[in-house]
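Here's the letter readout for the chains.
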Amino acid sequence: MSEVSLVQAVNLALKRAMAEDPRVIVLGEDVGVDGGVFRATEGLLALYGEERVLDTPLAEAAIAGVAIGLAAQGFRPVAEIQFTGFAYSCIDQMLNHASRLRTRTCGRLTCPMVLRSPGGGGIRAIEHHSESPEAIFAHIPGLKVVIPSSAARAYGLLLSAIRDPDPVIFLEPTRLYRVSRGEVADDGAGLPLERSFILRPGTDVTLVAWGAMIRETLAAAQQLADEGIEAEVIDVATLKPLDTATILDSVARTGRLVVVQEAPLTCGFGAEIAARVAGRGLMNLVAPIERVAGYDTVMPYARTETFYMPDTARIMAGVQRVMSYA
Amino acid sequence: MTTVATFSIAFTRILAPSGELVAPLPAFAADPAELVALFRAMVLTRTFDAKAVALQRTGRLGTYASSLGQEAVAVGIGAAMRPADVLVPSFREHGAQLMRGVSAKELLLFWGGDERGNDFAGPREDFPVCVPVGSNAPHAVGVALAFRLRKEKRAVVCVVGDGATSKGDVAEALNMAGVWKVPAVFVVNNNGWAISVPLERQTAAVTLAQKAVAAGIPGEQVDGNDVIAVRSVLERVLARARDGGGPSLVEAVTYRLSDHTTADDARRYRDDAEVSRHWAEEPLVRLRTYLTQRGIWTKQDEETLLQECGRAVEEAASAYLATPPREPAAFFDHTFAALPADLAEQRAGMTAERRGEP
Ligand SMILES: Cc1ncc(C[n+]2csc(CCOP(=O)(O)OP(=O)(O)O)c2C)c(N)n1
Ligand SMILES: [Mg+2]
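Sequence lines, in order, name chains A and U. Our numbering applies: residue 814 is where the first sequence begins, and numbers increase by one. Our numbering applies: residue 729 is where the second sequence begins, and numbers increase by one.
Next comes chain U alone, as it looks inside the complex (with noise of 0.2 Å):
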């Protein structure tokens, strides 16, 4: 017997939990505006975060979906990412959502139940949240797909969380952009759970990056939790796809702090002490320390990011709420470009209905 194929998983940790470094740092670090910069995207996700799901307890939002705890995979991704790029999310990347310039009302309307909250004022091109779990994968092979057809050097970042690697469309998304070589970058955000399934029952793969090994394409893992991390594999893999090196795969390693959902309660499934002990790792507190050890980052200033940060959430959920509801018709108005006859009926009817006409 031979050995035909081997494959290896590398991990990429930058910052260790504790604030220390534990490899050298990338190039863009040597500016220390930019780890500021991520720093801030991080504590702004948070902020955001808090202030939806706030929203959401008291009435005023829809189910919410927390990124506690996992602002650097989405902070790192909008870091790495160019304008250009196309960003094709699941529904826990408010931050990299927020980085590519989705106003916080923008997707604050899209949590409280209004399709305008999709109708991105700024990136015109990215893909709104994708709820059909993993769904979105075989997307961001198609709009990679044009990006090679027109010979554009742009990428995509399509994110899945680990509950989706089971899923059929990622597997064949996957392979298909490994076949066409598309740049496509799809990044697991690994973050533990899958509502209350661990990751222990969702795959017997050591490793969710090894999946990328059977679509021929590149995987590998980075700490989730570093956002410095993050944002360099990314930029790495990024830089290769745009430049015709083909499709990767990164498993971001991270946890989920938060419930699943505002409308779930993890006690039902999931120890308290585990997640004490993940408190531990989560991405803020590593970044702080390294900065404030560096004398890059004082008390003074994180005072003045919070109070920025709650000024700039305020404002979106104050814009948020005094924005009233579409006509109701409108819902009929985007289902084709041109309102066919049979649908014009419809809307007819039910404002006719609204006004009382018989």
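In isolation and in its complexed conformation, chain A is listed as follows (with noise of 0.2 Å):
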């Protein structure tokens, strides 16, 4: 056992992934030599040779539309688009092929890949590298949409995406890359893609977040323990699809929800939790469902993003306003 980052823990992952399965096949732009731009791929090319660890021309639809073709020939393609901003030319290809190859021939044709890429705000990137798309890849049936917020969780979830036998859009939070630093086996034990992790039990309010948001929520929990204020805090994990039920539950016994997301309010996917929530555990909520998010805007440059970017006090004045009700 020892103590990785997350960035570290997806590069265990895939080195474990690809040592017990040829299949696996990494490619994208920069993976190779290079070992990808925030180093998730180091040290595979010297492992795994060009075979299996492919540098693509800058290509990011066909990036995708590659990892598809070698998908349905049975291979484990594990596709990287450098940052989530330019992931959106593989929408066409993960909407209109990758999720529903399996639908439309009857199981004859799967798509048994994943695709990788690094984004939310937080590292004062130039524009473009500070995306939070997770609600559109959410929205597209036929796709898991797996989003880490550990080490621990970065390396098992990983490894499950990869043997899972549909698409996975795997999100991993730049933000948490280096700062988050975990114990990890690397014993090749994956995490259940169909299920949400309590981190902090808690019995007056419950915090559903997921990626960077669990570090600020994690750190809201923190505060509002401090104030005699108790929050369960449950990251997500798996967005879709999306484990119900320990909302539900954790709802049930908290009466009180706050959903953070660092993506734009409207359409986010705090508002399928939040009309799940609504629509199964009304009756438990003792206060209106709070959504902590990031606003209808572009996301701003570096220097203005902490104003966007739902924060510690945001997340607090955010219970706050739940906890009022009696």
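Hints in this document: simulated from the structure, not taken from any laboratory. Treat the hints with caution; some may be incorrect.
To be verified - Here are the simulated lysine-lysine pairs, DSS-like style, with alpha carbons at most 30 Å apart:
| id | chain 1 | residue 1 | chain 2 | residue 2 |
| --- | --- | --- | --- | --- |
| 1 | U | K909 | U | K881 |
| 2 | A | K828 | U | K879 |
| 3 | U | K879 | U | K909 |
| 4 | U | K909 | A | K828 |
| 5 | U | K909 | U | K895 |
Both chains come to you apart, so use the hints to assemble them.
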């Protein structure tokens, strides 16, 4: 057991997946010699060679499309899109093909691929490098959408994503890449893809978040505890398919729900969670559902990005609002 | 100033529209049965098209894209491919699909709105029809890469239209195929039109074959109404691909004699005179003329063939029409390998609502 960063955990999972299954192919821009711009694929080329670690030309739609062809042939491609801001070019391929190859052919052809992409704000990046497109992908039937929030979950979830028989969008929060560190056993154990994780038990309010927002949310929960408010924190982890039961069960105990997302408010994934809780758990609620989210603006440039992204203070303010209902 | 690169595009035609040979026959044509087989496949394709259009016109099939006048492209492809190769089609390759063992009933099921039509009993690895134009091109690179990684002597044929060559996917795929030297053959079915847009408003390029030049792969033109030439050129580039010689692009120059689809009325944008002119160049007539003149084919053969094809297509249509739609909730079942809990709930909800349960 050793302590690694989230990006190192991604690297460990990729190495493990390639070691255990010769069908796993890693492809993307600069993933080979350079080891990926964030070093997520570092060392793979040396270990597995050019056949299985492919530096691609700069063509995102084709990276996704080639992965689909490989997957249909029984390989397990793990494609990297350098930043989520450039994954929009892959939506056509993922939506019109990857997500529905199985359905269209009644299971004759399938698409066991992973599209990995680092995103989210908070690293003072140039524009287009801080996007949070998870809801866009989660809206696509036939895709699974996973976002890890710790090194251990990055490792376990990525392994499961690669082993999954269907296409998975795996969004990695760049903001946590190096600051999020934790013990990873590197034992090849995957984590279930259809499950959310209760990171902190609590009785007064349920805080639901994913990705980089988990850090802020846990910090808020810590401060709330000092004020005598016990917040339960749930890491959704797999947005699609959503583990509704874990959230409903928590809300049944706490009676209050705050959803935290970095992405813009409108049509964000928080809206889906809120709708499900309103639909199934309304009678357990003692306060309106609160959403703490990014704004419906374009992600601002680095100098003001911290005003856009929900932080501990905004999360706590959201909690105070739901706590104001007796 | 010096010239650092030049290119030229070859054009292959063996059988002229008149039925005259204008180039030596390829080796396979030494056996008359091979030529007859090509002719038969084209007639079957045309018969199938006519039946599909008739079914659509009488409300028994969805919108259908006929391949009238373009049979030689699909049949040439189908004849040149080996069973182990993989076809990544566009949506006008009924002829190739039939030759590769997709049944006429399966094709009708697909065009009639039933996913089971894509669950080919025959070529299990072939891709289904691709509706988002040009988006199939990268898949072909992926499939071809799979062959190369497994060191298999197989090749992929990917078909795109002239309109599709304007798409980024196609440019990206050609480029990637070139970099990786994968065994993929891209066939551009240049039928002169992309719905209402004629070729000259699709591109300023003189040929579509030259799109290969920028990708660093061989590109050439073939008379797409000359099935002998199409088969011959494709056999050559497919053999090269299977032997590790890399990808290529073949532009098959043909003409869309039909409307774009049954939902289209080409008279809105295309002169009848232009269409009439092209009827003189269509692929069946020239091969029939050639075969007849050589004494390989008689009027009686033709009549028998038409009856056979008609019967086969009628049988397929009956089988299609007699196939009840799927159990509706089945559309949930192939979304994922295993139905996730929340989707299972939606499925149960739909079933309950249909039964009138609360
Ligand atoms: C990406 C995309 N854009 C538009 C359409 C609508 N559409 C269907 S076929 C077609 C024209 C295609 O022309 P071409 O590639 O030449 O193929 P052809 O129909 O002539 O065989 C268009 C515009 C589509 N299916 N996909
Ligand atoms: Mg066309």
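Please write out, lowest number first, the hints stated earlier that are contradicted by the structure.
none
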